[in-house]
Amino acid sequence: MYILQVIINGILLGSIYAMLGLGMSLILGIVKLTNLSHGEFVILGSYCSVLFSARLGIDPFISLLITVPVMFVCGYVLQRVLINHAMSRGAEPALLVTFGLSIILKDGMLLLFSSDARHVSAGYSNRVIKIFGLDISLLNILLMLLSVLSILLLMLFLNHTYMGRAIRAAADDVEAARLSGINIGRTFSVAMGLSAATAAIAGFCVSMKWTFYPSSGGRYLLIAFVIVVLGGLGDIRGTLLSGFFFGLIQVIGGANYGLLISYIFMIIVLVASPAHSAGSISEK
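My numbering numbers the first residue of the sequence shown as 1 and each following residue consecutively.
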């Protein structure tokens, strides 16, 4: 029974990690850009959840109806106005732009929200339900359902819409997609918008699960990298599975050694299988 409890807790925790890695996986797999500001996008989503739920007096989950579209627009505009122009000059300028964005966002959140720890709570945050003798957090179940639903909706968008197919084509071959009449700049902008939107959902999960600070982005950026390495670039299903696996390792390793074991495993994967992360979203 104890082993089953550990597995369930690992899967529930892993769904949050899958959301953390999803936005990074999209950008690396489609735009071929390492977004160093991804962690700050996650924390910005956390602060938006705090702001909207507190100021409007609404349930934290309902605040996603505001946060997700706002973050999508922010990601779209940043890519369209700033990052696309930097990418036209090479990979290094674009990388530096995302690094600059991470600093601006971090300092901006520190200025606006101070350095105090924040956390979002609701009446059901600490509620535990019993299922076949197992104690399961209701909040963890809700966050897992949110994460899985978000991933499924993203997969449906990529597979069954024109823009989704355009994104997959650009991920496979940018020049061939451009010759086919696809607007690459707009496609990359939509991809960044989707990445920011998923980061908003991940930030919401973080705000409900843990306390966070303006400087917390670096930690979640590193976790996102681990998820992407284990799951493969642009592989949405792989991201989900690697998130579950990462969460399971964390629960088994405990608070003191879970992250350390996860990073060691990532290094082993990179050394043993250098081509592990060469997957493409266009194959899914």
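No wet-lab data here; the hints were simulated from the structure.
Bear in mind the structure is a predicted one, so any value in this text is a computation, not a measurement.
A few of these clues could be false.
Stated by the list, open to error - Straight line, CA to CA, 20 Å or less: simulated SDA-like cross-link-like pairs of lysine to any residue:
#, residue 1, residue 2
1, 209, 11
2, 209, 116
3, 209, 6
4, 32, 116
5, 209, 62
Tested hints:
1. A distance of roughly 15 Å separates the Cα atoms of residue 209 and residue 11; the hinted pair therefore holds under the 20 Å criterion.
2. A threshold of 20 Å between alpha carbons decides the hint, and for residue 209 with residue 116 the separation of about 17 Å falls inside it, so the pair holds.
3. For a cut-off of 20 Å, the pair hint linking residue 209 to residue 6 stands: about 18 Å separates their Cα positions.
4. Restraint check for residue 32 and residue 116: the C-alpha separation of about 35 Å exceeds 20 Å, so the hint is violated.
5. In summary, the hint linking residue 209 to residue 62 is supported, as the alpha carbons are separated by about 16 Å, within the 20 Å threshold.
In this structure, only the earlier hint numbered 4 is contradicted, and the remaining ones agree with it.
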